[in-house]
Amino acid sequence: MKKIRIGICGAGNIATSMHLPSYEKIDDVEIVAICDITIERAKAAAEKFNIPHYFGSVDEMLAGCEIDAVDICTWNDGHKTCTIAAARAGKDICCEKPMAASLADAKEMYDEVKKAGVKFMLAVPNRWTRANEVIREMVDNGDFGDVYLARAHYIRRRGTPTGWFTDKKHSGGGPVIDIGVHCIDAAWNLLGCPKPVTVSAMTAAPIGEFKTKGVSRWQGNPSPEGNFDTEDSGAGCVRFENGAMILFECAWAINGPEKNGIQIYGSKAGAVVLQDKFKIYGETGGFLSDNEVTVAKQNAGVNELTYFAKYVRGDISEAENRYPIEKAVQMQSILQGIYDSAAAGEEVEIKL
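Residue 178 in this note's numbering sits at position 172 of the sequence shown, with consecutive numbering throughout.
Be a bit skeptical, because a hint or two may be false.
Unchecked claim - Here are the in silico distance ranges between beta carbons for each label pair:
hint, residue 1, residue 2, range
1, M208, K120, 31 to 37 Å
2, N147, L294, 40 to 46 Å
3, K274, D117, 23 to 29 Å
Said to hold, decoys possible - Think about it this way: if two alpha-carbon atoms lie no more than 20 Å apart in a straight line, the pair counts; the simulated SDA-like pairs of lysine to any residue are:
hint, residue 1, residue 2
4, K9, G320
5, K113, K175
6, K120, D149
7, K175, E139
8, K175, W224
9, K54, N19
10, K285, D149
11, K175, S229
For the record, the hints were derived by calculation from the structure and aren't laboratory data.
Don't be surprised by glycine CBs; every beta carbon is placed ideally from N, CA and C.
With these hints in hand, go ahead and build the complete structure from the sequences.
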């Protein structure tokens, strides 16, 4: 079987800690090139992961070697540049979450991908945890009945990353767009991905660049401008066309307990979903019952990128794509709506 040849855009943490180690576990994939705007980073990653070619830009990579697909792992405002370049070169695309730094960028990406007719998949690994896969299967089978409400939490007491993450120019925002997308998207997926219509939200930044002792922080590559202008936390609700709702909270820094999980409520049963297990709240024999289910531990990153390789190869059809570009734009519109609502101080319509 011929291997899928992939070029990586971005040699930062997400590429070197998740994507590249995951690809090493996938037999039918070959990483043939990597690029980064800091070419020394690209060279270091190429040496560490035995990648034959490295470049200082996506354009150089696309011109300099034969690849089938591009995996985009840059900072958020680089997603548009890399997606458009890859689409115009006729390459299929996996794009790390969030789709873009803004809804306007996401719409430009959508237009170029559709014009080129290439494949696109958004990478949000929570969709590929075994617990979320099993729960989604149960939702589709009707085991929960009408799922009408979800709660989504991703809260760190102190866990603000450094570098470009806190520079809105490059990130598009703080924890809402960085980690909030994980829990909001997981909840949306378990609701069946209905069309979003309105958002009411708030963001806050009272803690900022904390100096708390004994706290480790994800080290992002430095922002050239060195800005720190993102929120500490966000909370709110998203309403959908079918009447369903997501209540969400997310934070890099907040004075409260840490938590990370999803809760869904259906007419037949509900569930609390964690990484490798979930608990179902329903009825058994006419009595209330709580049933804890533990699923096999799997690497969500490997599952996700194996799926992408199959999608590129054609083993997965466009209709089966778990995260097509249309849904990626809808998720970006939810994130944009959160920031728009917080800025306006009132509920806003989601602009698709």
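Results for each hint:
Under the hint 31 to 37 Å, the C-beta atoms of M208 and K120, about 35 Å apart, fit the expected range. Here the CB-CB span from N147 to L294 is close to 21 Å, at odds with the stated 40 to 46 Å. Between K274 and D117 the Cβ separation comes to about 41 Å, which falls outside the hinted range of 23 to 29 Å. The hinted pair formed by K9 and G320 meets the criterion: a straight-line CA distance of about 13 Å does not exceed 20 Å.
The straight-line distance between the Cα atoms of K113 and K175 is roughly 18 Å, inside the 20 Å bound, and the hint therefore holds. Among the hinted pairs, K120 with D149 is inconsistent with the structure: their alpha-carbon atoms are about 36 Å apart, more than 20 Å. A C-alpha spacing of about 34 Å is found between K175 and E139, which places the hinted pair above 20 Å, so the restraint is violated. For the suggested pair K175 and W224, the alpha carbons sit about 19 Å apart, so the restraint of at most 20 Å is met.
For the hint linking K54 to N19, the alpha-carbon distance of about 13 Å falls within 20 Å, and the restraint holds. For the hint pairing K285 with D149, the CA-to-CA distance comes to about 13 Å; that is within 20 Å, so the pair holds. Distance check on the hinted pair: K175 and S229 sit about 9 Å apart at the alpha-carbon level, within 20 Å; holds.
Hints 2, 3, 6, 7, counting from the list given before, are not met by this structure.
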